[in-house]
Amino acid sequence: MLRLLYNRLRSIWSRRRRDAELDEELRFHLAAETEEGIDAGLAPEQARAEAQRDFGNVLLTRELTREAWGWAPVERFLKDIGSAFRMMRRNTGYTCAVVLTMALGIGLNAPMFEMLSRLFLQAPPRIEDPKGVHRVWLSERDDSDDRGVFTGPETAWDRMQWPEFSALADNNALTGAVAGYTPPRFMPNGRGQNAENLSVSWVTGEFLDLLGVEPTMGRLIGPEDDDAAAVPVAVVSDGYQRERFASPQEALGATLEFDDVTYVVVGVLPPGFSGPDPDRTDVWLPLEPAVTAVRGDRWRNFGSGFYLTPLARLPRGLTLQAAGAAATAAVRAARADSPSGGSQDPEATVVLGSILRTRGPASPPGEIRLALVVGGVTLLVLLIATVNMSNLLLVRVAARRRELAVRYALGAGRWGVGRLLAIESLVLAAVSGAVALAVAAVAGRILRLTLLPGHQGAVDALNVTAVGFTGIAVLAVGLGATVAPAVYAAKSRRVERLDSSRGARALGTPVRTGLIVMQAALSLVLLSGTAVFYRSFEAARQVDVGYAKENLITVDLAGFRRTGPLDETTINALGARLRSLPEVVDVAQGTNSPMWGQAAMPGPRVEGLDRLPFNEGPYVSLATPNFFRVAGLAILEGRGFSEWDRAETQRVAVVDTTFARGVWPGRSAVGRCLFFGDASTDCTTVVGVVESALDRGLLDADQAAVYYLPIPQVSPNTIQASFVNNMRTLIVRTRGNPGRVVQPTLLALADLFPDLPRDNVRSLETVFASRIRTWTIGTGLFGAAALLAVLLAAIGLYAVIAFGVRQRELEFGIRRALGARASRLLRMVLARGFWLAAGGVVGGALAALWAGRFVEPLLFDGRTPRDPLAFTVAALVLLAIAVMASYLPARRAARADPRRALEAE
Amino acid sequence: MTPASPRNQLLYGTLDLLILRTLVYGPAHGHAIAGHIQRVSEDALRIETGSLYPALHRLEARGWIAAEWKTSDKGKRARYYRLTRTGRRQLVVEQSRWQQLSVAVTRVLQPAE
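Protein chains in written order, with the numbering used here: chain A, 1 to 905; chain B, 1 to 113.
Careful, some of the hints might be misleading.
What the hints assert, rightly or not - No farther apart than 25 Å at their CA atoms in a straight line, the calculated lysine to aspartate or glutamate pairs in the DMTMM-like style are these:
no., chain 1, residue 1, chain 2, residue 2
1, B, Lys70, A, Glu24
2, A, Lys79, A, Glu550
3, A, Lys79, A, Glu67
4, B, Lys74, A, Asp54
5, B, Lys74, A, Asp170
6, B, Lys70, A, Asp19
7, B, Lys70, A, Asp39
8, B, Lys70, B, Glu94
9, A, Lys131, A, Asp170
10, B, Lys76, A, Asp39
11, B, Lys76, A, Glu36
Said to hold, decoys possible - Calculated from the model, a selection of chain B residues having no Cβ within reach of chain A, i.e. all distances over 10 Å:
no., residue
12, Leu17
13, Thr22
14, Ile37
15, Glu42
16, Leu45
17, Thr49
18, Leu56
19, His57
20, Trp69
21, Leu91
22, Val92
23, Val103
24, Pro111
Stated by the list, open to error - Take a look, some chain A residues computed to stay more than 12 Å from chain B by CB distance:
no., residue
25, Phe28
26, His29
27, Gly56
28, Ala173
29, Asp279
30, Thr649
No lab work stands behind these hints: they were computed from the structure.
Using N, Cα and C, we set each Cβ at its ideal position, and we do this for glycine too.
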């Protein structure tokens with residue numbers, strides 16, 4: 001066996017020599033035969049002729065003998081590859097078109113596939129037996145009318161309050177099977193503008209052990225660390241360790257500071273580990289000290305606003321149903337036991353789901369749905385690329401009919417030609433695959449940073465999944481694109497004659513036409529998607545948020561910890577310094593950071609109403625007199641605050657239109673009284689109505705009722721006073737680009753509030769841009785994909801029409817000779833391109849109507865994806881491009897010269 | 001693996017046996033082997049070159065025969081084949097297979113009364 005292999009290998013290496021030897025051997029045979037003839041008394045010529053006749057076909061004998069050497073298939077393969085490369089070199093334009101098409105198609109899909117598979121399919125890395133870990137969901141109904149009747153829609157949350165979690169953890173059936181964590185969020189390590197923002201997750205003592213992750217250095221956080229009395233410890237991710245420390249050893253013992261608590265790093269987690277979520281996490285802290293530092297001791301109660309996400313790893317023998325039932329009973333009991341727990345659905349149920357959040361039961365959040373839609377879009381692009389490649393191959397095969405016919409005539413089998421085509425497209429695919437990897441590396445980064453910037457590995461290079469996908473896609477597309485051309489080539493064998501290269505002209509045309517129509521249809525889907533998203537984008541962009549958001553900066557003094565009251569002198573100094581900047585028009589103070597944070601407190605009483613008719617709010621905003629002017633909120637009725645509204649004058653308030661309309665529908669709000677405190681009869685007079693602002697959403701329904709009080713009238717030691725102290729915000733109106741003011745503002749802050757983290761200075765336009773991000777990204781990505789698709793469709797259409805024209809050159813020439821006008825021939829060819837695209841428009845419209853359901857939930861304000869205007873625009877664009885792509889070939893047809901066509905025959 | 005050639009009138013595998021058997025008498029070149037078989041079979045078996053050389057090279061690739069260039073008695077360089085040890089063993093196997101086959105064929109043709 002080995003010898004056989006050796007012989008074969010040797011024969012491949014010494015191929016030339018063996019060929020020469022075989023020739024010599026056969027020559028010797030012939031010579032010996034001739035000599036025999038001469039010995040038998042024949043004349044030399046006759047003897048030679050006889051010998052030749054006896055010998056038969058020398059070439060065939062040589063071929064058959066060479067086959068016996070056993071390397072014929074290898075040689076054939078190498079020859080085919082060589083011929084494929086020669087074909088590519090000869091047809092540079094065609095090769096570039098195909099390679100570019102495929103590289104973009106595959107290169108975009110590889111990172112998308114990798115991203116989506118990480119979201120929906122692959123378990124988070126470094127977790128032991130991830131199938132055994134379950135995310136614990138709490139499914140409950142909403143108390144929609146606030147009357148203790150839970151009839152609202154049922155929603156599932158993967159988080160619960162501490163009393164519910166501890167009831168789970170204490171349940172006998174679930175002992176040791178439950179752990180909890182808070183999804184990572186950014187927190188400043190240390191103080192001031194140089195503090196680094198780290199992604200931090202708080203975990204119970206059992207959490208890391210439950211996941212089964214092994215530290216690469218040091219130890220995990222254990223139950224003994226999750227204790228108020230223990231020395232606060234932290235473990236860090238491999239990524240953070242590498243970024244920050246020279247070696248893992250150096251990380252151990254280092255300290256981090258969050259919310260004024262110092263944590264000692266005791267362990268480093270393995271590379272890739274980011275907990276159960278795809279979001280990047282830098283640091284894990286024990287829950288108890290971390291929460292207490294921020295929220296005091298209140299976090300253990302219902303209604304504290306603190307939530308954590310439970311995970312469970314079921315002990316052997318406990319089924320999912322049994323565990324769910326035990327957990328449900330525990331949560332219900334915890335809610336029933338607590339007086340404040342009663343404000344929540346007592347019939348809530350616990351469901352154990354996959355560790356992957358995206359698997360539900362709750363539907364994934366908007367950003368992930370957007371990623372899914374983008375995945376669909378890139379898949380469409382790949383489909384178009386494949387169809388395009390198939391079409392280009394088909395045109396090539398059609399153009400090469402003579403060559404193929406010669407190959408058949410020389411004895412190549414149907415498989416032989418099919419194999420040649422397959423190898424050609426595989427070589428093309430392989431070259432494209434190499435380019436695709438480069439595309440994937442670049443596009444992958446952009447896509448990940450655009451769609452899911454906070455995720456682990458958002459900035460990583462290509463990984464195994466993406467490369468694997470590229471490989472498989474190259475094979476699949478390479479072979480898939482060969483089917484139609486190979487079938488056609490096989491058919492042409494039957495029909496084709498060397499002497500009548502025109503006989504089978506129609507062959508393959510229906511397939512080519514079908515492919516073009518399909519490409520046009522897919523392009524229309526993407527074009528109309530772009531239009532639909534653009535309409536949402538425009539609508540969202542033009543939403544009036546109330547504030548004059550251009551040229552407005554907010555300086556948020558709320559987000560950092562202070563001991564003692566805010567120093568008014570320093571704030572005034574900051575205000576004065578900002579006002580002295582040449583770009584600054586004015587500075588106002590308030591407690592609501594526009595479009596960012598709102599404060600609510602027990603609402604005021606008004607005459608004649610038991611309670612205010614608002615589902616949420618009203619929110620209170622405490623402001624300086626110039627607040628409305630600086631924010632750009634228009635006073636619609638009455639007046640705003642003035643310098644004369646002081647502590648000793650009549651108490652005044654301004655309400656927004658939502659408040660006024662809700663409380664005094666159809667009547668004027670000015671002059672009415674608001675009463676604060678339980679028994680107070682001091683009237684706070686409403687002196688004005690201001691336009692409503694959108695602090696949260698973008699829809700009219702997101703407008704919440706707000707009332708404004710002047711800061712000088714706030715009495716000490718009230719809730720309002722604590723808001724003024726804790727939630728102070730400066731808003732700065734600038735001339736021109738607000739970006740120019742940010743840097744001086746930061747400098748001023750560094751002097752006056754050295755502890756303030758730097759991300760508390762925001763331009764309102766940036767905040768707004770992040771709010772309409774879905775549609776910006778949607779429009780951008782759909783647009784890019786559509787552009788690509790239309791380009792491909794145009795290339796494909798051009799190739800097919802141009803080929804058709806070349807085939808019919810003689811016909812066009814004869815038509816010209818018979819008196820047809822050039823314009824008529826031009827119209828004829830243009831019409832063909834137009835109708836092909838029109839077919840695509842019809843098919844694409846149907847497909848887009850169907851696919852609209854996936855996009856619908858992502859559109860602004862319930863806009864429909866079945867938008868006639870969007871479809872019309874998309875159709876017009878596609879038809880225009882089709883006519884443009886047909887123009888060059890059409891002109892060629894119109895200029896057809898009968899003499900030249902005849903000569904070419 | 002034998003290419004089905006219409007020229008090959010011999011029963012499949014028989015040519016291999018004949019070549020191996022011929023080489024028992026000592027090394028020989030292709031022309032001599034063909035001549036020997038034709039002579040011994042009294043012209044009943046004519047070996048076509050289109051079968052002979054593929055067979056020789058196949059047997060060589062399997063290691064049953066080995067080849068080397070020598071000067072023939074007429075003073076020309078010729079490729080001489082000789083039996084290898086495995087070839088000799090293979091000959092025994094092939095021979096007994098042939099005998100079994102020929103006995104079987106004979107039985108069919110002349111059934112015992």
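Comparing the hints with the structure gives:
1. Lys70(B) / Glu24(A): Roughly 13 Å between the alpha carbons, so the hint for Lys70(B) and Glu24(A) holds.
2. Lys79(A) / Glu550(A): 67 Å, violated
3. Lys79(A) / Glu67(A): 15 Å, holds
4. Lys74(B) / Asp54(A): Cα-Cα ~21 Å, so holds.
5. Lys74(B) / Asp170(A): 104 Å, violated
6. Lys70(B) / Asp19(A): 18 Å, holds
7. Lys70(B) / Asp39(A): 22 Å, holds
8. Lys70(B) / Glu94(B): 28 Å, violated
9. Lys131(A) / Asp170(A): 23 Å, holds
10. Lys76(B) / Asp39(A): 17 Å, holds
11. Lys76(B) / Glu36(A): 14 Å, holds
12. Leu17: 17 Å, holds
13. Thr22: 15 Å, holds
14. Ile37: The claim stands: Ile37(B) keeps its Cβ more than 10 Å from every Cβ of chain A (closest is about 14 Å).
15. Glu42: 17 Å, holds
16. Leu45: 14 Å, holds
17. Thr49: 5 Å, violated
18. Leu56: 8 Å, violated
19. His57: 4 Å, violated
20. Trp69: 8 Å, violated
21. Leu91: With a cut-off of 10 Å, Leu91(B) remains clear of chain A, as the shortest Cβ separation is near 17 Å.
22. Val92: Per Cβ check, Val92(B) is outside 10 Å of chain A; nearest 19 Å; holds.
23. Val103: 31 Å, holds
24. Pro111: 40 Å, holds
25. Phe28: 5 Å, violated
26. His29: 5 Å, violated
27. Gly56: 6 Å, violated
28. Ala173: 68 Å, holds
29. Asp279: 61 Å, holds
30. Thr649: Check passes; 110 Å lies beyond 12 Å.
Against the hints set out earlier in the document, violations occur for numbers 2, 5, 8, 17, 18, 19, 20, 25, 26, 27.
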